[in-house]
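Student: So you can see what is in the structure, the chains are spelled out below.
Protein chains: 4
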Amino acid sequence: MSGLSEEQREAVIKAAFEAKEFSYSPYSKFRVGAALLTSEGDIIKGANIENASYGGTICAERTAIVKSASEGKRSFAALAVVTDVNSAISPCGLCRQVIREFCTQDMPIYLVSADYDSSGTGTGRINETCIGKLLPDSFGPEHLELPRGV
Amino acid sequence: MSGLSEEQREAVIKAAFEAKEFSYSPYSKFRVGAALLTSEGDIIKGANIENASYGGTICAERTAIVKSASEGKRSFAALAVVTDVNSAISPCGLCRQVIREFCTQDMPIYLVSADYDSSGTGTGRINETCIGKLLPDSFGPEHLELPRGV
Amino acid sequence: MSGLSEEQREAVIKAAFEAKEFSYSPYSKFRVGAALLTSEGDIIKGANIENASYGGTICAERTAIVKSASEGKRSFAALAVVTDVNSAISPCGLCRQVIREFCTQDMPIYLVSADYDSSGTGTGRINETCIGKLLPDSFGPEHLELPRGV
Amino acid sequence: MSGLSEEQREAVIKAAFEAKEFSYSPYSKFRVGAALLTSEGDIIKGANIENASYGGTICAERTAIVKSASEGKRSFAALAVVTDVNSAISPCGLCRQVIREFCTQDMPIYLVSADYDSSGTGTGRINETCIGKLLPDSFGPEHLELPRGV
Ligand SMILES: [Zn+2]
Ligand SMILES: [Zn+2]
Ligand SMILES: [Zn+2]
Ligand SMILES: [Zn+2]
Numbered sequence: 000m001s002g003l004s005e006e007q008r009e010a011v012i013k014a015a016f017e018a019k020e021f022s023y024s025p026y027s028k029f030r031v032g033a034a035l036l037t038s039e040g041d042i043i044k045g046a047n048i049e050n051a052s053y054g055g056t057i058c059a060e061r062t063a064i065v066k067s068a069s070e071g072k073r074s075f076a077a078l079a080v081v082t083d084v085n086s087a088i089s090p091c092g093l094c095r096q097v098i099r100e101f102c103t104q105d106m107p108i109y110l111v112s113a114d115y116d117s118s119g120t121g122t123g124r125i126n127e128t129c130i131g132k133l134l135p136d137s138f139g140p141e142h143l144e145l146p147r148g149v
Numbered sequence: 000m001s002g003l004s005e006e007q008r009e010a011v012i013k014a015a016f017e018a019k020e021f022s023y024s025p026y027s028k029f030r031v032g033a034a035l036l037t038s039e040g041d042i043i044k045g046a047n048i049e050n051a052s053y054g055g056t057i058c059a060e061r062t063a064i065v066k067s068a069s070e071g072k073r074s075f076a077a078l079a080v081v082t083d084v085n086s087a088i089s090p091c092g093l094c095r096q097v098i099r100e101f102c103t104q105d106m107p108i109y110l111v112s113a114d115y116d117s118s119g120t121g122t123g124r125i126n127e128t129c130i131g132k133l134l135p136d137s138f139g140p141e142h143l144e145l146p147r148g149v
Numbered sequence: 000m001s002g003l004s005e006e007q008r009e010a011v012i013k014a015a016f017e018a019k020e021f022s023y024s025p026y027s028k029f030r031v032g033a034a035l036l037t038s039e040g041d042i043i044k045g046a047n048i049e050n051a052s053y054g055g056t057i058c059a060e061r062t063a064i065v066k067s068a069s070e071g072k073r074s075f076a077a078l079a080v081v082t083d084v085n086s087a088i089s090p091c092g093l094c095r096q097v098i099r100e101f102c103t104q105d106m107p108i109y110l111v112s113a114d115y116d117s118s119g120t121g122t123g124r125i126n127e128t129c130i131g132k133l134l135p136d137s138f139g140p141e142h143l144e145l146p147r148g149v
Numbered sequence: 000m001s002g003l004s005e006e007q008r009e010a011v012i013k014a015a016f017e018a019k020e021f022s023y024s025p026y027s028k029f030r031v032g033a034a035l036l037t038s039e040g041d042i043i044k045g046a047n048i049e050n051a052s053y054g055g056t057i058c059a060e061r062t063a064i065v066k067s068a069s070e071g072k073r074s075f076a077a078l079a080v081v082t083d084v085n086s087a088i089s090p091c092g093l094c095r096q097v098i099r100e101f102c103t104q105d106m107p108i109y110l111v112s113a114d115y116d117s118s119g120t121g122t123g124r125i126n127e128t129c130i131g132k133l134l135p136d137s138f139g140p141e142h143l144e145l146p147r148g149v
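Protein chains in written order, with numbering that gives the first Met the number 0: chain A, 0 to 149; chain B, 0 to 149; chain C, 0 to 149; chain D, 0 to 149.
Everything labelled a hint here was simulated from the structure, so no lab data went into it. Heads up, some of the hints might be wrong.
In this list, chains with the same sequence are indistinguishable; a pair is considered to hold if it fits within one copy or across any two.
Stated by the list, open to error - Straight-line distance between alpha carbons at most 25 Å, and here's what the computed BS3-like set of lysine-lysine pairs gives:
| no. | residue 1 | residue 2 |
| --- | --- | --- |
| 1 | LYS72 | LYS28 |
| 2 | LYS72 | LYS132 |
| 3 | LYS13 | LYS72 |
| 4 | LYS132 | LYS28 |
| 5 | LYS28 | LYS13 |
| 6 | LYS13 | LYS132 |
Values in this document were obtained by computation on a predicted structure and should not be read as measured data.
Construct all of the structure, not just a fragment, from the sequences and the given hints.
Tutor: This is the structure in structure tokens:
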């Protein structure tokens, strides 16, 4: 379905687990790691970086996106997200909007349980989704260009 | 479906049109108005209030929500959103997340074309949706409470 | 100094205390109330409205500003902020930037201790400041218009 | 004053100019580049990554900070910021709050004119400042811990 090899999928998931180690989450104590696979095959990692103001918090997914985009890599093949929770946790709406700016509607997004085990013998699950499903009927750059009515 | 009378629906849509007049959008020139119908029958209006930093911008939907919540009204029956565009424009991901915090999954959300005419004789359309559809598989308060895996 | 009467100052401070009661702060447990005095003499209240995403949180000061601006009231004479802490707590940088968009550099901002007592017999203090002091050398709308160099 | 060698200062400024090239700013057309010098001597670059929602925009300074923090580098020696404008442009309040979370009050922040020329023969200026000056009397992590009054 996603056109990724199993090896690529496992690589981006592994990177999300590694990324989680650098989470700065003293307020929520909710660690999140994310990793992007770029179209060129690079892996870019991000973690949630919280802020005392709460509103200044930047999630793992957005950290990974702005990190990659600020290095000129804006074409993506996959995103993986992992937390410390033993179930697949979904991105917040802020992250969905930022993902929407750069990723295709059907780019695979892997939401990975903390106890995921690539051997397939564990109970940890992957929820494979995409931004077309997570942010249906989305607002995007093209809407800003629409003609205004009278 | 939504349990609202036609009169209530028209009232909240009319309020969204009125709200749009107070949009502060010198950067995007994209005016948005929103209106909430609270469970007690009050109507609370919001408009987008932009900021030179761009990141500090607060959309019409969030303005309406925080306005109402800060007056102790946090139970809602409907939301209407209108712009200057002659088609139904959807809320951004940031607003969907904030709506998610307070509204039920199936509360009616009316996305209204700028040329909507309640007489039904015009071409303007309403897209009736809900946060369950706009932010499926959402992240919410309950996820922060989940036990962390080992 | 600020051109406000003592009566006006006490009214806006009292409103900030009242506003705090409607704080929605289940994550930080840090209640904040704010109140604006508009140039026309109206008082507009705001409280912090937090969000499970943390990043979607909107502080009391910003809530008050967007509430007022979305009603067409964008000229202000004073702002008061109060928390549950027995000392004067300062606005975060996000709020300072939003205040900057609408308020003059020297508009009085009263940061009020939770144990403030207008009789002057208590220990609670007011720290009177302004956005010129809180956000010196600020970024604002005029900078977006500056000519780009070669 | 800042303890940086001239060579280090020029290196971080040069990196900010390079970072600007990767700005994604289709909405404001206001390109910004930032670079951090970490305490270990690494240089981390960031650019502003805008979003159609406007509110989802992340500035160059915040991009650099979350990029570095998500790689476990949270101790900084300097920050440089440059735009396309021929004068020193200051960080927005959102960025000041995020800088505040990780940087010391007196860490040098170089705000650099687009026509800066390290030879010193040009007209381009550097405004050297610090977060203690840009966000005085700031809100920070320690305030969240303060005891609540009765
Ligand atoms: Zn998020
Ligand atoms: Zn929005
Ligand atoms: Zn704030
Ligand atoms: Zn900024």
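Student: 25 Å Cα cut-off: does LYS13 pair with LYS132 within a copy, between copies, both or neither?
Tutor: within (24 Å within a copy, 31 Å between copies)
Student: Cα distance capped at 25 Å. Does LYS72 pair with LYS132 within a copy, between copies, both, or neither?
Tutor: For LYS72 and LYS132, only the intra-copy Cα distance (24 Å) is at most 25 Å; the inter-copy one is 31 Å.
Student: If the cut is 25 Å between Cα atoms, do LYS28 and LYS13 qualify within a copy, between copies, both or neither?
Tutor: So LYS28 and LYS13 pass the 25 Å test inside one copy only (21 Å; across, 35 Å).
Student: Please sort LYS132 with LYS28 into within, between, both or neither, judging by C-alpha distance up to 25 Å.
Tutor: neither (28 Å within a copy, 29 Å between copies)
Student: I want to check one pair: LYS13 and LYS72. Are their C-alpha atoms no more than 25 Å apart within a copy, between two copies, both, or neither?
Tutor: Intra 20 Å, inter 21 Å, cutoff 25 Å: intra and inter.
Student: Treating 25 Å as the Cα threshold, decide for LYS72 and LYS28: within, between, both or neither.
Tutor: Classified as between; 19 Å across copies, 30 Å inside a copy.
The earlier numbered hint that this structure contradicts is number 4, and it is the only one.
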